[in-house]
Amino acid sequence: MQAMLKIELSRAFQGKNFIITIILGSIITMVHFILYALPMAVPEGVTAQNYGGLYPPTVFNEWIGGQGLFLTATLYFFLLPLMAAIPYGDSYYLEKKSGYPKNIFLRTNKKYYFISKYIAVFLSAGTAITIPLLLNLLVTMAMFPSVLPDINAPVFMMNPSCMWSSMFYAAPYGYIFCYLLLDFVFSGLLATISLVAGLWMRHHLGVLLAPFLFFLIIYFTLNFMSIYFRFLNTLNPGAFLNPTPVIDGITLPPILLEMLLLFCATFFVYIKEGVRREVF
Amino acid sequence: MYIEFHNVSKVIKGSTVLDGIDILFESGKVYGMRGKNGSGKTMLMRAICGFILPTSGTIDINGEILGKDITFPRSIGALIENPSFIDGDTGFQNLKVLASIQNTIEKRQIRYAMESVGLDPDDTRKYRKYSLGMKQKLGIACAVMENPDIILLDEPINAIDEKGVQQVQAIIQRAKDRGALVLVACHDRDELEFLSDEIYEIESGKIVGHEVLNKTRAEE
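Which chain is which? The protein sequence lines are R and B, in order. Mapping the first sequence onto numbering that gives the first Met the number 0, position 157 (from 1) lands on 156, and the numbers just tick up by one. Mapping the second sequence onto numbering that gives the first Met the number 0, position 63 (from 1) lands on 62, and the numbers just tick up by one.
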């Protein structure tokens, strides 16, 4: 298992698709920085006191996760399921099509191959999605002060009913870390939908688009149903993946439940069906 | 080492691809499989690899039932149908990655396997740049590099030049000499007779003929 995992991780993280995804994502987050953050740059040492009593532009309202309603941020979080599939999501489909797994199944248990691939797809997608966000955060940190968010400042969309709102005002970097972790895990899970799709789908594009289609179906279904059941909108990944609280009432337990369901649906289906299938 | 088929049948989507096969393969021998396209030669090899499981009957490999006691034979190398490797890696890199799974051989053994089929381990060309014959040779090198107890070669001399054929013959002979069980499927009747100790004729998934070749007389 260890040898198989090492092979899969090295192929996932050293593949050109992994690099391409990071570059694509970084282009979006850097364009965001150049268009929206850079023009707001303030002199070093600025505080609310020397900024006319107003809360100044800081890391927390200028990084891409603090400006979630801006075009680039919306684009990033909307394209997230598509980008998550690019690094390694189609690897099983391509290998199955070429017959490569036969070389592996003569040397190790099939189960180890499928588990290793699942882990590699999950980790590579999560990393490729998180790195551009981190990059944006780092350049914003280099240009803006880290002034503790002021609950009375009208620049934040955060209110007490928002998830982790007390953490945002008390330890904003902790808030950012938690959101990056949430995005990491959800991106990884979304990418594994491509693995499951690879079991049945016959077209490469379909396999790559599967997480995005899943995301769109969930997005529009929950949006529509929230007309009747308002709370359903808080389960929408399109809303909770964005560190800016674009809607009220998002809480952690339903998100965790959603992730658990997605994990079970992808992991167990992929492993069980993959191992069960005969190889031709 | 032996492989014993006990009344093995395999039905796929209503079509019987293996039909009541009873065979015993023993180590130190080369077995040839002859038959038309779609006769069941490759299916029989897939069954030995554990890629497909019998609908009925059992495959006993050295006292262990495939699909019950083991999911694949403990020591096997195979080239079944077309070889398939990672396009963006060189031949050597491909074999190195696969060898790392069991980690039973060193780099020099991988190099030796490649050289024995006429491939240069230091060739920097990616697999995607390989010719059809080179791909086939890499597939054979991959099947034999770990000196497995069982070697299955499905049409091994396809797309290979004359020198390459001689190299494949030498590889099979060496495997037999060290006590491996070798199974070869080939359309070339003369080649199969040259390589094999025994030949099985297969038709519509059934064994319809068995010939034991007197190699000593042939060699004289």
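No lab work stands behind these hints: they were computed from the structure. Yeah, the Cβ is synthetic: ideal placement off N, Cα and C, and Gly gets one too. Fair warning: there could be bad hints in the mix.
To be verified - If you want a taste of the chain B side facing chain R, the calculated C-beta under 8 Å gives, among others:
#, residue
1, Tyr-1
2, Phe-50
3, Ala-77
4, Asn-81
5, Phe-84
6, Gln-92
7, Leu-97
8, Ser-99
9, Ile-100
10, Gln-101
11, Ile-104
12, Cys-141
Claimed, not checked - BS3-like, lysine-lysine: derived pairs with alpha carbons at most 30 Å apart:
#, chain 1, residue 1, chain 2, residue 2
13, B, Lys-95, R, Lys-96
14, R, Lys-110, R, Lys-15
15, R, Lys-96, B, Lys-12
16, R, Lys-110, B, Lys-134
17, R, Lys-96, B, Lys-175
18, R, Lys-109, B, Lys-162
19, B, Lys-35, R, Lys-15
20, R, Lys-109, B, Lys-95
21, B, Lys-106, B, Lys-67
22, B, Lys-67, R, Lys-271
23, B, Lys-67, R, Lys-5
24, B, Lys-134, R, Lys-109
Said to hold, decoys possible - A few chain R residues that don't get close to chain B, going by computed Cβ distances all over 10 Å:
#, residue
25, Met-3
26, Leu-37
27, Gly-98
28, Tyr-99
29, Phe-104
30, Ser-145
31, Met-156
32, Ile-216
33, Thr-220
34, Met-224
35, Lys-271
36, Phe-279
Index of numbered hints that the structure contradicts, given in increasing order: 1, 6, 11, 17, 18, 19, 21, 25, 27, 28, 29, 36
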